[in-house]
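Protein chains in written order, with the working numbering: chain A, 256 to 712; chain B, 256 to 712; chain C, 256 to 712; chain D, 256 to 712.
Honestly, the hints are just simulated from the structure, not real lab data. Note that CB positions come from ideal geometry on N, CA and C, so glycine has one too. Misleading hints may appear alongside valid ones.
Partial pick of chain D residues on the chain A-facing surface, computed with a CB cut under 7 Å [unchecked claim]:
1) Ser447
2) Ala449
3) Trp466
4) Phe483
5) Met487
6) Gly573
7) Trp577
4 protein chains.
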Amino acid sequence: MPPRRFRLHLRRGARRRGARVTLDIGPDLDERDASRVREVVTHLLQRHDTATERADVVAIAEAYSNLSDRGRVRFFGMLTREFWTDTASVGDAIAVWQRTAGGSARVEAERNLRAVLTPPTARLLRSFTELHDGVKFLVDLRGDNLRLAGDPAISADDAAALEQVGLELKAQLSTLFDVGLLDLRRITWFASAALLEKLIEYEAVHTIQSWADLKNRLDWDRRCFAFFHPSMPDEPLVFVEVALTTGTPRELAPLLDATAPDVDPDHADTAVFYSISNCQPGLAGVNLGTALIEQVVDRLRRDLPKLQRFVTLSPIPGYRAWLEATLLADDLRPHERALLPASPERVAARVSHHAWDTDEAIEPAVVAMCARYLTTVRDGRALDPVANFHLSNGALIQRINWLADPSEIGRDRSAGLMANYVYEPDHIAERSEAFATRAEVPMSNAVRELLQVKKAS
Amino acid sequence: MPPRRFRLHLRRGARRRGARVTLDIGPDLDERDASRVREVVTHLLQRHDTATERADVVAIAEAYSNLSDRGRVRFFGMLTREFWTDTASVGDAIAVWQRTAGGSARVEAERNLRAVLTPPTARLLRSFTELHDGVKFLVDLRGDNLRLAGDPAISADDAAALEQVGLELKAQLSTLFDVGLLDLRRITWFASAALLEKLIEYEAVHTIQSWADLKNRLDWDRRCFAFFHPSMPDEPLVFVEVALTTGTPRELAPLLDATAPDVDPDHADTAVFYSISNCQPGLAGVNLGTALIEQVVDRLRRDLPKLQRFVTLSPIPGYRAWLEATLLADDLRPHERALLPASPERVAARVSHHAWDTDEAIEPAVVAMCARYLTTVRDGRALDPVANFHLSNGALIQRINWLADPSEIGRDRSAGLMANYVYEPDHIAERSEAFATRAEVPMSNAVRELLQVKKAS
Amino acid sequence: MPPRRFRLHLRRGARRRGARVTLDIGPDLDERDASRVREVVTHLLQRHDTATERADVVAIAEAYSNLSDRGRVRFFGMLTREFWTDTASVGDAIAVWQRTAGGSARVEAERNLRAVLTPPTARLLRSFTELHDGVKFLVDLRGDNLRLAGDPAISADDAAALEQVGLELKAQLSTLFDVGLLDLRRITWFASAALLEKLIEYEAVHTIQSWADLKNRLDWDRRCFAFFHPSMPDEPLVFVEVALTTGTPRELAPLLDATAPDVDPDHADTAVFYSISNCQPGLAGVNLGTALIEQVVDRLRRDLPKLQRFVTLSPIPGYRAWLEATLLADDLRPHERALLPASPERVAARVSHHAWDTDEAIEPAVVAMCARYLTTVRDGRALDPVANFHLSNGALIQRINWLADPSEIGRDRSAGLMANYVYEPDHIAERSEAFATRAEVPMSNAVRELLQVKKAS
Amino acid sequence: MPPRRFRLHLRRGARRRGARVTLDIGPDLDERDASRVREVVTHLLQRHDTATERADVVAIAEAYSNLSDRGRVRFFGMLTREFWTDTASVGDAIAVWQRTAGGSARVEAERNLRAVLTPPTARLLRSFTELHDGVKFLVDLRGDNLRLAGDPAISADDAAALEQVGLELKAQLSTLFDVGLLDLRRITWFASAALLEKLIEYEAVHTIQSWADLKNRLDWDRRCFAFFHPSMPDEPLVFVEVALTTGTPRELAPLLDATAPDVDPDHADTAVFYSISNCQPGLAGVNLGTALIEQVVDRLRRDLPKLQRFVTLSPIPGYRAWLEATLLADDLRPHERALLPASPERVAARVSHHAWDTDEAIEPAVVAMCARYLTTVRDGRALDPVANFHLSNGALIQRINWLADPSEIGRDRSAGLMANYVYEPDHIAERSEAFATRAEVPMSNAVRELLQVKKAS
C-alpha cells in the first residue's frame, strides 16, 4: 500500500520565484538520494533569507511526500542522526554552566545550554508551518510518524528514531494547537459539503451511514460543534454530536433513529453528548476534547437557557474484556459473587453467547461489576479510557444502562452497556482537580450502591 | 502617568464559572500583595484542569494590569526569582546526562535537561494565550517590558530581570507570529473605521493628518497592505503604503498630495513603497516587514501584471548625523573632498543652516557622501537602519535624490535626501543571501559612480 | 452650477460586447441631439434581446448624465410627448371594453386597456434597473426630477412634464423599495469608512461635526440602524440614531455630548430615538421611516430585554412660525390667553428676542400653545411634520420640554422646545390605525392638561 | 395527495405584536370559512398601518397554506370574483377620460383609469412580499396556480379564474425577478449541503445520482453557476453545469463519467454547457436562462482567458416525435428521401426498434432530417424548445451528433441525437436580434449542407 500522498501548496509567491529548488529523488531514499536531502536541509538551516529558505522547505516537503514508507523511516532516522544535538556543544555549554556561580552569567549559561539542547530538527519542523497548508503537513507528518512507529515489523533503532522525532513533533503541535488559538464553530446542514464529508469520514463512535443520516444528526433538535485551527479552516479537529432531549436517555437507538420525533429545542431540558470524534490522527495526545466539552457546555447554556442537564451516553469500550478476565480469574468481591446466577466460568460463557441479551439473570452481576470497573483508578488513570476522559474533564458517573447498545460492536466491547456521565457546570472544576490530584471518582448514589453489598434483589 | 490599562476579556464561559479567582491588590505590589500573586501563580503551575487554570490566569493578568510601573517591575522581578529554573534540578539533570554514554538514554537525558531548563515562567506566559485577547495581552506585556527596560532610572538588577523575562517573551512571540500564521490583507476605504483609525495612530514614517488624508492614501491609485494575526483580527501588525506611478519618483511631495492627479492603475508601471510602519511595539525585533514586502510584491504582480518596477522612496534617517560627524572629523575620501565647495567645517555648518536647501553648491558632495554612507556595512549591518532593512530583504540601491524631502524632519534626519531601493523579483533571493553571508551591497551604476573619483562637474 | 454627474457602471459583460452604443451629444439636448436620443429610445423599446437592449439603456443613461439642467428638463419633456400613451390605442381598447358584456372577454379587455395605458416611458425606466448601479441611477433620476421641479423659474409645461414622469418614477421606486426587500443593519464603528462617511454627509437633524463625533454616536451606549437595498449595498437609505439612557431625556445637549458618562446598555431602561435621516432625496415620499422605527423597536427589545421605554426627543420644526402667526392673529384660546404675561404682540416680540430663553415668564403660555399645535390635525395630517410622522407610526405625545434645544436652529424653528413621543409596542398598531382613520391623537395626561383651562400656576 | 405545506416565517417583530390575526378554517374553504377569509382580505385592503396589515397578510397566507387543493381553487376563484376591478368605477373613469381633451387633465384621467384597472388582488399579492419568506411564498403560489390549472378535471370557470390570477402573479414575479436584482454565484463543493441538495432535487436534464455524482460535477474541471434572489438566498433559481474540455464534445457519456480524466482548467479551450435547469416551477415563463448564459459566458472569459469556444451539448427533445410523424406523413424533401435506406414507414419502424442504434444505415437520413427540424421556425419560434431557447439567446447551430445520448430517455425523445450550439460573444447580440425580428437561424456550413441535396454518400 503506497503511503498517503501529501497535498502541498506553496504560497503562490514562492512558486514563482527563480529560487525554486527541486529534489528529484527515488521513493526509498537510498544513500545517494539521502545525501541530496541532507544537503538541502543543511542549506536551509544555514540560511537567513525567508524566501530562499522557503524554497528549500518546499523541496524537502515534496521530497518527503514522494517517499515510500521505507524511505520515510529512513528520513526520520536521518533527522535523528544528522540533525540532532551536538554532544560536544552540549558538553561545552554544561562546562560553562558549571563554572558560573549565579546571577546573570548563570541565567545566560542556562539560556545557551537550552539553545544547544534544541535539535536542528526542531527548526526544520517549525519551518514547515510557513508553507501554505504547512500546519496540515505537520499534523499529517506526525500521523505518519505514529503509523510507522506502530508497525510491528520495524527495527528497534527505527522505532527509537521515530519516537525521538515524534516527541519533538508532539511538542510543536501542542503549541500550535493551543486551545486559545482554536475556533469553536457550530456545524449545521448549512456548512459546506467539503466540510461535512469530513464528519462522515471521521466519525469514530457511531458510523454515519449516509448523507441522509448526517442530515438527521444536524437536525434542529441536534447540535454539532467542532474546533478549527485558523491555518486549517476547512479541517475539523475534533467534533461532538449533541442531542437535545427531555430526560437522560437510557439507550442509544432513539438518538440515532432519523424517524424518531423531534424535540422542540426550546422545551428540551437535557443535552446529550453522544459522540466525540478526533479527526486528525496526527494530533493524538493533544487533548482537545476536554476544552471542546467545556466550551460546548458554556455555549449551550447561553443559547438554550432552559437546559438543566449536560450528560453523555457513552460506550464502555474496555469493559467486556475486563469482565471476562475478571470472571475467569475469579477476582470477585463478595457482593458481586452473591449476584452471580452461576459459576464465574459459566457466566463468562453466557456473556459471550450471542443470545446473552435476553439473559436477564446475569444483569445484576454484570451491572454491579461494571460499577467497579468504571470507578477503578490505577496509576492516576481510570481503567476505562472513556471513563478516564470524562472523569478528567470533571464529570460524574451517573448511571449504568443495561442493554443500551445491543449492536455487535456494543456487545463486543462494552457488553452492551452504556454509561451516563453528567457535567454539572458548578462542579466541573473541583471534580476535575480532585480526580487529577487525589484520584477521587465522583458518582451518583445509584452507582455507589452498586459497589456495596446489597440484599439480593 | 499611569501605565496603560490592559483590556481583558475572558472567554465568556470562564467568567460564569464559580471558579472565578479575584486578586484585589494594591498598585505597587508590596510584599503582602506579592505573596498573594505568588500563591496564585504557584497554584496555576500545579493545576491540571484547564478551566481552573484559566481562572488563575485571568486573575494574574487582571492583577498585572492594575499595577503601577513600580509594581510591574516588581512583578517581572518576582518571575525571575521565584518562577525560574531550579539550580539543583539542572545540576541533577546534568549529572544524569554526563553518566549516559549515548543512545536513547542520552537522548532522553537531553530531553529532560532541556525540560528542567525551561523556566516555569515560560509556561505562565504561554497560558495567557488561552485567554480571549490573550495574544494581544502578551504583545502588550512585551511592549511594557521594553518600555520599562528603557527607563534610565531603573536599577541594574531590575534591568537584568526585565531582560531575562523579555527574551522569553520575544521567543514565544516569534513562534506565535510565525509568518505562516499571518494573513495578508489589502486595506481600502471599505475597511472598518475601527481598523483605519489604527493606521492613523500607527503611521510612523509620514504622519497621516486627517481622515481625508487617509482616504487619499487609500485611493484607487494607491495600495495598502497589512499583516494580521488570527487572534487579533482587528489589529494590524505592520502595514505598507504603496503608490502606483509611471516612473520612479524623485521626491516625496507628489505622493502625499491629495490634489495630485490620479494614475490609472492599469497604466501604472511602477509600485512605490513609500511607508512601512510597525503597529505593535511589543513585536520589536520580530521581523515582519521582510515577509510583508515579499508577499506584497507577489500580490501586486498578480493583480497588476503591467507593473514593471517595485521601488521604494525611503528616508535615510541616520545620514545627517553621520554626515556632520564625518565632516567634522575630516574623514573624507579624495573624490569627496574634491567635490566640497568649502572646508569640511564650513560645509557642515551650511548643512545645518536653515536655508541650505537653496545651497546647490554642496549638492555633489552631500550626494556622493550619502552613497558611501548607504553602502557601508559594519558587523554585517548597513550603517543606515532603513538601508539595512531593504538590503537584508534583497533590494538594490538605485538612486539618491537631492531635496526629495525638504520637510523639517526630512532635513534633520536625512539631510533632505531620499533613496530609491528597487526590488527585482528574480534577484531578491540571491541578493538577500549575498548581503547576509558576504555583505555584498547591490547598487545601480549611478550609485556606483558616486563612490568613485570623477572629474569635477 | 453643473448638475450632478452620475456614475454609471455597466455590468462588465455588456461593456465588452461589440454592441456598444455611444451617443455623443451636447449638454443642452438641442433638436438634432434630441432626435438621436429619440431614435435610441425607440430602438430600445422595440428590441427583444437583452444584451442589445442593455447597450441602448447604457447609452441613454450616459447621455442623460452628461446633460445640463436645461437638457434634462428637455429630456423629461420628450418622454412625456413622445413615449407616453397613444390616445388612439387607448380609445380602441376602451371601445373593445365597452363592447364586452363580462366574463373572460371583459377580463381580457381590461387587461389590454391597462396595458395600453402603461406608457412606454415606464418600460424605459424599468430597463435602467438592469444596469449595475441602475437602481441607484433611478433613485438619483428622481432626485433630479424633484430638484428640477422645485425650480421656481420653470415653465408650467415643463413642470407638468416633470411631475408626469415623476409620478411614474415614484411608483416604480415604491415597488423596488418595498420594505420586504430591504435589510435592516446595525451600524457600528466597525462599519466601513466608505459607509460611515455617508452618515456624516446625510445626517439631517443634528449635524455630525467630525469623525470623533460620529464615533461617539456609535459608542456602546448608542445604537444606529439603517435600511439598505440589496442593489445598493453601500448606500444607507434611512438611518436612526438611538441613545440608551435611564429615564426619558428632557434636553438634547447630554445626548450629543461626547464627554457625558456612558450608560451600561444592560442597565438602560429607555431607548431614545434622537435623529432619523433620509439619505436619498430621490426616495422622498417613499415612507421608509415608519418601518425602520417598527423594526428597530423589535430589534432592541430582543437585544436588550430590560428596555422598558422607546421614546423620541424630537424637534417641533413648524412651531415657531405657527406660534408667531397665531399670536399676531390673536387666535388664542381662553386658557392660553390667561397664561400670557403680556399682550400677544409683546409676547411674539419676546419670543423673537435673542435673550428670550431667560424669559421664564412666557414659558407656561409657549408650552400650552405648543400642546395645541402638536395635537391639531388638518386634512388628516398633523400640522407639525415631525408630529405627523410619529403619530402616523403609532406613537403617543408624551411630554413637551422647555428649553430642550437652545441652539440657534432649535430656537428659530422649534422655539427651543422639543417633544417626547413614546412608542408602546402593544399599542402601536391600534394608535396608527386610529390616527389614520379617525384622526385621533393619543397623548399623555400631562399634555392633555395643557390643552385645558387650568388655574394659574 | 395533500398539497404542499408552505413554510411561513413572519418577521420576528410582527409575531410578537398583540395584533396577531388567526384564521382557523377548514381545508376546503366552505362558504362560512370563505366569508371569514373575505373579511380579513377586505380589512387588509382598507388598512393604512403596516404592522396591522402584515398580521392580516400572515393570517391569509397561513390560511391558504392549510387549504386542500379544492380549497385553493376556491380561494383563487374568490379573488377573481370579489377582489377584482369594479366595472362601475372603470366605466366612470372611462367617461372622465372621454370628456378630457388632452393636456394634464387627460394625463390624469389616464392615470386614474389605470389605477381603477389595477385589481385589489394585485395589492394583496404584493403584500405577501413584505413577509419573511414572502417572495418564496409568491413563487410557490404561482407554482401552485400552474399545477392546479394543469389539472384536466378542472371546470372551465375555475380554469379561467386560475389563469386570471396567474397572469397577475406572473407580471409581479417578472418585476421581482428582474435580472438586475439577481446575483450570479458560482457553486462549488464548498457550498452548503442545504444548497447542494437542491441541485440534486432540481437537476432536470441529466439526473444527479448521488452526492458522489454531484461532487464530480463540481470538480475543478467543471463549473456550476446559478442565479439567486436576495430574498431567497438559499434557493437557486436556475443553474447551469459547465464542463471544461479540449475540443467540442460529440457525446454525453464522458461528461457524466466521474472516472474520466480531468482536464486542467488552464489548458481547456472549450466550455461545454451541458445542463440548464430551472429550480422554481413558479417562475415558468420568467426567462432567466438567457441572462444566465450571457453572464456565465462573460464570467468564464474573465476567469479563464484561454477559453475559445462556448458550446452546448443539448438534447433535441421534440425530434423523435416529429421524425416519426414526418416519416409517417411522408413529408420528405427530395434530398432526405434520397438518403432513406427504405420506405418512410420502414424507417419509422426502425427508429422505434430497440436496437436501432446499431442501424447505421438510417444515420444519414435521420441526421439530415434533424437539421431540417432544428432550423424550422413557425410563428417566430423554433419547433424544438431547446433550439428555440438557444437561438433566442443568440447561439448558432454548429453540429448534430449521431448516437450522442443512447440512454433510454435520449432515444425516446431525441432519437439519440444531441446538438452543439455555439455562443460566439461577438455575435450573440446580432444573432439574437436577427432571430427575433427576422426568424433568421444561424448555422454552421456543416449543418447548412445537411439541408441541401447532396450526392448520396
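Hint by hint, which ones does the structure fall short of?
As far as the earlier hints go, 4, 5, 6, 7 are violated by this structure, in ascending order.
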